[in-house]
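> Sequence:
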Amino acid sequence: MGTKGTTYLGIDGGGTSCRARIEDENGRLLGEASSGPATTRIGVEKAWRSIMEATEAAAAQAGLAREDFARMHAGIGVAGLGRRGAEPALNRIAHPFASIVFISDGMAACLGAHSGADGAIVVAGTGSVGVGLIGGREIRLAGYGFPVSDEGSGADIGLQVVRLALRAADRRGEMTPLLSEVLEAFDHDPYQAVAWSEEARAGDYAALAPIVMRHAHQGDPVGRRVVERAADAIGDLLDLFLARGIERLSLVGGLSDAITPWLTPDLRARLKRPHADAAAGALLVARRRFVLPKREIDREPAPKFGV
Numbered sequence: 001m002g003t004k005g006t007t008y009l010g011i012d013g014g015g016t017s018c019r020a021r022i023e024d025e026n027g028r029l030l031g032e033a034s035s036g037p038a039t040t041r042i043g044v045e046k047a048w049r050s051i052m053e054a055t056e057a058a059a060a061q062a063g064l065a066r067e068d069f070a071r072m073h074a075g076i077g078v079a080g081l082g083r084r085g086a087e088p089a090l091n092r093i094a095h096p097f098a099s100i101v102f103i104s105d106g107m108a109a110c111l112g113a114h115s116g117a118d119g120a121i122v123v124a125g126t127g128s129v130g131v132g133l134i135g136g137r138e139i140r141l142a143g144y145g146f147p148v149s150d151e152g153s154g155a156d157i158g159l160q161v162v163r164l165a166l167r168a169a170d171r172r173g174e175m176t177p178l179l180s181e182v183l184e185a186f187d188h189d190p191y192q193a194v195a196w197s198e199e200a201r202a203g204d205y206a207a208l209a210p211i212v213m214r215h216a217h218q219g220d221p222v223g224r225r226v227v228e229r230a231a232d233a234i235g236d237l238l239d240l241f242l243a244r245g246i247e248r249l250s251l252v253g254g255l256s257d258a259i260t261p262w263l264t265p266d267l268r269a270r271l272k273r274p275h276a277d278a279a280a281g282a283l284l285v286a287r288r289r290f291v292l293p294k295r296e297i298d299r300e301p302a303p304k305f306g307v
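Residue numbering for the sequence shown follows my numbering, starting at 1 and increasing by one per position.
Mixed in with the good hints there might be a few duds.
Within a straight-line C-alpha distance of at most 20 Å, the following computed DMTMM-like cross-link-like pairs (lysine to aspartate or glutamate) qualify [as the list claims (entries may be wrong)]:
id, residue 1, residue 2
1, 272, 247
2, 272, 232
3, 272, 257
4, 272, 118
5, 46, 199
6, 46, 204
7, 272, 220
8, 46, 87
For the record, the hints were derived by calculation from the structure and aren't laboratory data.
Since the model is a prediction, treat every value here as computed from it, not as a measurement.
Given the sequences, and given the hints that come with them, work out the whole structure.
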């Protein structure tokens, strides 16, 4: 079954999963589906496979045939788009769509959250990043990738708790119910944890974050310190956007609801509920209802050493 009408595809490709949403010319939802991670950190080809898997599943739900992709305009948000060589590699892929525009998953989330208007979001999910729009400029904070960046993210929370669990196993730090549960996952064998870490990706570490959050709410002292540290990192990004003159702020991502209660009361009061999600932001781009700012991301210049 096919259609002759024009359709629009919005992709929210993140570090844990990829969501595809297809709408018709009137904005009516035709199909929606998910697949595995679509971050360039697992490789451009693997990310593209996830994108197409989600798209094909959404198309099947919509009753669209493969030949209908030729009348489908795509806006595709991809995690890790800023990695060196990632965007050119994606643009070289032969695709079946009428048109295609790649944006970062953070930009997609920002566009969706504020319907393309000025505003900023901080993503607290598998990774973390701050993305803002003001006066046609894109402001990007952090988000350089795990483990060197992404403070306050699920992956960062997972990494911290594994480190602390290894310290507790050596009796170099306190053992708490949280750390005991983490070590139990490795049969209380530190070397098994080390072997796991050699293969683990950001999503694997992020899978530990709900355990940390649960123990933190139950009063575990180590859990509370880890979560407080994560909330401070997220709060710092929100404060930086406020200092830049951006008043409308939203917190998005899989950990956003869990982290919000740990923010300062002032920041909690400033947060606005997102208008829509990242897939909706990608659809704005697919429909050409938003002119993307130049890819000159506004960052403060780094200090130089020496004279």
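> Check each numbered hint from earlier against the structure, then list the numbers of those it violates in ascending order.
As far as the earlier hints go, only 7 is violated by this structure.
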